[in-house]
Amino acid sequence: MARNALLGLKRIFFDRIFERSFWTWRKHPAIIIPTMLGSALQVILQSIVTLVVMTLLTSWALSGTLSRVLVTYGNSGLLGVFQDPAVSLTIVPVFVVMLVALVLIAIVGAGYVYSSEYGIYVEAWSKDSVPVKSVLENGSRRWRAMAWTLFLSNLITWGPAVIGYALIIASAASVNSATGVIALLTALSVFQPLLFASLILSVFTVYSYPVVVVDGVSGLRAIRQSFRVASHNLGITLTYSLVRIIFQGLLLLVVFFAGTIGLPLTSLITVILSFLLTPILHLTKTMIYYYAGPSVPEMPFELSSPIWPDVLRRLPRAAWVKIKTGLAEGFRFVTGPRNLPFHILSTLAFALGIYSGYYVSVNGVAGFFLSSGYQPGHGNSLLANLPVPALPVLGIDIFLNNWLVSIATALSGLGFGAPSFVTIMFNGFILGVLLAPQLSPSLTMFLAAILPHGIIEIPSFVLSGSVGIRLGYAAWKARFRRGPENSEYLSKTLRLAVYVVVGLAPLFFIAGLIEADITPFIMRMFGWIF
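Counting from 121, one number per residue, gives the positions in the sequence shown under my numbering.
Hints are computed from structural coordinates only; laboratory data are not their basis. For each residue, glycine too, the CB sits at the ideal point set by N, CA and C. Some hints could be false.
DSS-like mimics (lysine-lysine), calculated; alpha carbons at most 30 Å apart, straight line [as the list claims (entries may be wrong)]:
1) K253 x K444
2) K147 x K444
3) K442 x K253
4) K442 x K247
5) K253 x K147
6) K147 x K442
7) K444 x K612
Quick list of simulated restraints, FRET-style, between CB atoms [claimed, not checked]:
8) L209 x G379: 39 to 47 Å
9) I642 x P436: 42 to 50 Å
10) P436 x I365: 22 to 30 Å
11) E608 x I366: 38 to 46 Å
12) P436 x D335: 33 to 41 Å
13) D135 x P436: 21 to 29 Å
14) I283 x Q203: 22 to 30 Å
15) S187 x F271: 37 to 45 Å
16) P436 x R602: 40 to 48 Å
17) K247 x W428: 24 to 32 Å
18) L182 x I427: 53 to 61 Å
19) T445 x I366: 29 to 37 Å
20) I365 x A286: 23 to 31 Å
Please take these sequences and the hints and turn them into a complete structure.
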């Protein structure tokens, strides 16, 4: 009786649910795709910012005011640029529109991603197979309800902490006076209980997103239902929260201690969180809520294979099978004549980015970098201080970072292709900025720093952009030419995009090792100083 009172109105076994969540994740790889879409949403938001920045820099370069704007920015920061009457009439409305667009797209996009994620969890738990089209169907089915719930849940949960932080920022502005110091100390003392209140609220709103999918309610009703289930099943809810904190804390400790000895593991931890822990933990949370329902019978005990042997032995083999399939799909995508327009558009985006970056660099950006301390011909000093045994680890970190970016770039094409185009263009823009003669002592030195790994890395990025543009074309057809054929074409293109970027992993792996181990050596041969 005591155990039942602790766990709630009915017994819910965390270990059973967690184990079954792991095996559900292993059985249905498609449930990883919503996590990929979450990364793609970040790229969509970033593409808006980068497009605005590239457009403003190019327009100022064309009008001859770029150097003056950059000098103002260097002396007075972004606030000084906003106060400059020559550019404020342009930049202020642009930034207001950009911020509004970012907020709206973030809320709507998150609603779609979480609706897809939690919907596919319920589907995967109860079905033998989950096709890729389920990702799209679950996302479009209840994205409005999920977006509204997400907004209210975060507002209620983290509102107290945000208020406390805002009080600290406001009081810090007048810290030079005695009254300001007292206000800052008061704000600091108030912030701690407000943060604690937000942490407590996060425990009780933890089921808000599963409620939308399982019960079909949203907004305040979903939040109230989450409070009710969490309070009635406080033991297992706290267990879930504690397990999540322990997992994430251990990963952060690994990153911290690895950093103290010069081993960069940030990208590796991101991969583990994105593709393994986050789906399994969110699936576990969803199933805890599902089995808390009074009409759902207690989950029966089932024998299962040990998890760790599978993670260490069978999981790598399964991943390699997917990579080989991705390589085959990627080859067919590259050589398919119908995909040539998408390859041309992606290559055009990269070339246009190089040209734009070079133009703004020679018209003011290069001078700004030089005045900020940039030294042409000097490489990253961190490479010189990094222990030799750590270089392969750095290569793996570079590989995983670039691979994750390529995944997000490709899947961001769901935003009708524009985010993929802009992201590839921005990569070219950065190269164009560095190509300016003020920043590169010679073309030979520039190529020595780019070509050894770039000969593999750049085409791989462009390929992720081209499959993203094709995905955008498919999304456009499905949205504006509704019909089963176009919906099926979108599902097939999403599956293709996932496999293509998975197949790019070996290429980014080779490029990452070259960039960490070989490129610095070649750069030194051509006069670079570290």
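The hint says 29 to 37 Å between T445 and I366; measuring C-beta to C-beta, is that right?
Taking Cβ atoms as reference, T445 and I366 lie about 35 Å apart, which means the hint holds.
Within 24 to 32 Å: is that where the Cβ-Cβ distance between K247 and W428 falls?
Distance hint for K247, W428 holds at roughly 27 Å.
Do I283 and Q203 keep their Cβ atoms within the hinted range of 22 to 30 Å?
Since the Cβ atoms of I283 and Q203 sit about 28 Å apart, the hinted range of 22 to 30 Å holds.
Can you confirm whether the C-alpha distance between K442 and K253 stays at or below 30 Å?
holds (18 Å)
Does the structure keep K147 and K444 at a Cα separation of 30 Å or less?
holds (18 Å)
Is 33 to 41 Å a correct range for the gap between the Cβ atoms of P436 and D335?
holds (38 Å)
Are L182 and I427 spaced within 53 to 61 Å by their CB atoms?
holds (59 Å)
Measure nothing beyond the straight line between the CA atoms of K444 and K612; if it is 30 Å or shorter, mark the hint as holding.
The hint holds at about 18 Å.
So does E608 sit 38 to 46 Å from I366, Cβ to Cβ?
holds (43 Å)
Indicate whether the distance between the beta carbons of I642 and P436 respects the range 42 to 50 Å.
violated (32 Å)
CB-CB spacing for A286 and I365 relative to the 23 to 31 Å hint:
holds (26 Å)
Falls inside 21 to 29 Å, the C-beta gap from D135 to P436?
At 25 Å between Cβs, range holds.
When each numbered hint is compared with the structure, a violation occurs for hint 9 only.
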